[in-house]
Amino acid sequence: MPLSGPAPHSSLPLTPEARAWVDGALAEIAAAPTTVRTLFPAVRRRCGRAPLPDGRTVDEAVRALLLTALPLRDQALADEVGALHRYGDPAEQRAVLRALPQLDREESGRFLDLVRQTLRGNDNTLIEAALGPYAAAHLPADEYRQAVLKCVFYEIPLARVAGLDERADAELARMLGDFARERTAAGRPVPEDITPLVRPFTTPSGTTIHGTE
Amino acid sequence: MRIFDPHIHMTSRTTDDYEAMHEAGVRAVVEPAFWLGQPRTSPDTFYDYFDSLLGWEPYRAAQFGIQHFCTIALNPKEANDPRCLPVLDELPRYLAKDRVVAVGEIGYDSMTKEEDEVLARQLQLAVEHGLPALVHTPHRDKAAGTRRTLDVVRESGIAPELVVLDHLNELTVGMVLDSGCWAGFSVYPKTKMSEDRMVRILREHGLDRVLVNSAADWGSSDPLKTRKTGIAMLADGFTADDVDRVLWRNPVAFYDQSGRLDLDDTDGEPKPDDTSSFEGNSIRRGGE
Numbered sequence: 003m004p005l006s007g008p009a010p011h012s013s014l015p016l017t018p019e020a021r022a023w024v025d026g027a028l029a030e031i032a033a034a035p036t037t038v039r040t041l042f043p044a045v046r047r048r049c050g051r052a053p054l055p056d057g058r059t060v061d062e063a064v065r066a067l068l069l070t071a072l073p074l075r076d077q078a079l080a081d082e083v084g085a086l087h088r089y090g091d092p093a094e095q096r097a098v099l100r101a102l103p104q105l106d107r108e109e110s111g112r113f114l115d116l117v118r119q120t121l122r123g124n125d126n127t128l129i130e131a132a133l134g135p136y137a138a139a140h141l142p143a144d145e146y147r148q149a150v151l152k153c154v155f156y157e158i159p160l161a162r163v164a165g166l167d168e169r170a171d172a173e174l175a176r177m178l179g180d181f182a183r184e185r186t187a188a189g190r191p192v193p194e195d196i197t198p199l200v201r202p203f204t205t206p207s208g209t210t211i212h213g214t215e
Numbered sequence: 003m004r005i006f007d008p009h010i011h012m013t014s015r016t017t018d019d020y021e022a023m024h025e026a027g028v029r030a031v032v033e034p035a036f037w038l039g040q041p042r043t044s045p046d047t048f049y050d051y052f053d054s055l056l057g058w059e060p061y062r063a064a065q066f067g068i069q070h071f072c073t074i075a076l077n078p079k080e081a082n083d084p085r086c087l088p089v090l091d092e093l094p095r096y097l098a099k100d101r102v103v104a105v106g107e108i109g110y111d112s113m114t115k116e117e118d119e120v121l122a123r124q125l126q127l128a129v130e131h132g133l134p135a136l137v138h139t140p141h142r143d144k145a146a147g148t149r150r151t152l153d154v155v156r157e158s159g160i161a162p163e164l165v166v167l168d169h170l171n172e173l174t175v176g177m178v179l180d181s182g183c184w185a186g187f188s189v190y191p192k193t194k195m196s197e198d199r200m201v202r203i204l205r206e207h208g209l210d211r212v213l214v215n216s217a218a219d220w221g222s223s224d225p226l227k228t229r230k231t232g233i234a235m236l237a238d239g240f241t242a243d244d245v246d247r248v249l250w251r252n253p254v255a256f257y258d259q260s261g262r263l264d265l266d267d268t269d270g271e272p273k274p275d276d277t278s279s280f281e282g283n284s285i286r287r288g289g290e
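Just so you know, the sequences run in chain order L and B.
Per the numbering used here, numbering through the first sequence is continuous, rising by one, with the last residue being 215.
Per the numbering used here, numbering through the second sequence is continuous, rising by one, with the last residue being 290.
Only chain L is shown next, with the shape it has when bound in the complex (with noise of 0.2 Å):
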């Protein structure tokens, strides 16, 4: 947190209460961090959940402030967040999730098993949180394709899934095109939003290249 300048959460619409409490909170994380642990999951009661222009809501920008202002690093840092994902409702995980690029900030990608566990789950709201711009980071290649596809199937809308642009490939157009063949076939409607990801890789007759892996 820097010492001069507006305060970290001057830009969030919160009650003199709500902006009282979270000064409160900072400084009694920053002063002992396992306060953390029933700091965090208070938030919402404290400072609400309207939405934010950039799509989060007002506690996971609050639980993000929470979260950057542990006193703590590398090991430490991973596992007390990683406590507070495994001991989180669903609310404090999408926070957890979605707060990843600020937590690791030298990448090295050692938040991906939360983001793992994640996509093993069957929750829309943790799926979609969990493929942010952490994950188009640093998911491997299959795995990231497994997780576009899951979206498909979940029906998540895959504008919101990040990374698309740079991670589409052709491997991930075959997995799509089959998809969609398996969809015609019993019927079933395929997705719209499937078709740009497929397009770039599909030869003028028709077929979809196979990947190379």
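Because the hints were derived from the structure by calculation, they are not lab data.
Do not take every clue at face value.
Simulated restraints on C-beta separations [as the list claims (entries may be wrong)]: (1) L:32 with B:67: 34 to 44 Å; (2) L:184 with B:43: 38 to 48 Å; (3) L:111 with B:88: 51 to 61 Å; (4) B:67 with L:201: 32 to 42 Å; (5) B:43 with L:85: 50 to 60 Å; (6) B:258 with L:119: 26 to 36 Å; (7) B:259 with L:85: 25 to 35 Å; (8) L:81 with B:132: 26 to 36 Å; (9) B:141 with L:148: 29 to 39 Å; (10) L:81 with B:224: 39 to 49 Å; (11) B:258 with L:104: 46 to 56 Å.
Beta carbons are placed, not taken as given, at the ideal position from N, Cα and C, and that holds for glycine.
Dock chain B against chain L, hints included.
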């Protein structure tokens, strides 16, 4: 008829039940943490269960238009197994969650010394977290167990209006209402309490501090017993407002004492059907 089922174990119920409950007017439920048919043998399996009560089950319920809250505790039966006791140390983490509206189910099963200690300790946790307590009364030796429960509640110092004693019958309702606690009734197909008996109890004892639930679980039980009780009340001459009071306003008033019963779920909460199509989710489709 709008219905709030203050005690139901949806983990053990099907999506057909959720659909039928919504059709019957159920719009909110509280799922207390309890034992499963199969005994647990380690704390970790409790944490997964608590996570499910806070994660998967509310997610599932929301897809059928039902709001899902829970109560968290180490249940009395498993309080007797020393392998499960470390759960008590992690409870404060869970009692801090938004959708946890009480400590429960706590209480007695076989009235052992271990159950005494775990009940008293969890009543203290309720006081520390400013939460109500949902207290199960034993199925065997019920009247004596209920008296003993009331003694422990009194000694704990928790305000009686923050406590509901559940699974009551004709012999235990009087002492519970006299104590200032709430009286809970589980209407079951065969055991515990029937609709007609429930109506007679309401006639005799009034509608104050009374909660009616289905307590539907993995046994022979019926998640529509709340509505069936409402219908039996109307047939006996109670008004629609009386029914609304018993089946909606009373449970709301009880759990609202937690300060966490957020029934206005419309501002900003990402619901499955907001972030993806209602028909396309994994439950509706029957899994992958």
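Against the structure, the hints come out as follows:
no.	hint	in the structure
1	L:32 with B:67: 34 to 44 Å	holds (43 Å)
2	L:184 with B:43: 38 to 48 Å	holds (42 Å)
3	L:111 with B:88: 51 to 61 Å	violated (32 Å)
4	B:67 with L:201: 32 to 42 Å	holds (38 Å)
5	B:43 with L:85: 50 to 60 Å	violated (23 Å)
6	B:258 with L:119: 26 to 36 Å	holds (34 Å)
7	B:259 with L:85: 25 to 35 Å	holds (30 Å)
8	L:81 with B:132: 26 to 36 Å	holds (29 Å)
9	B:141 with L:148: 29 to 39 Å	violated (48 Å)
10	L:81 with B:224: 39 to 49 Å	holds (46 Å)
11	B:258 with L:104: 46 to 56 Å	violated (36 Å)
The structure does not agree with the numbered hints 3, 5, 9, 11 stated previously, though it agrees with the rest.
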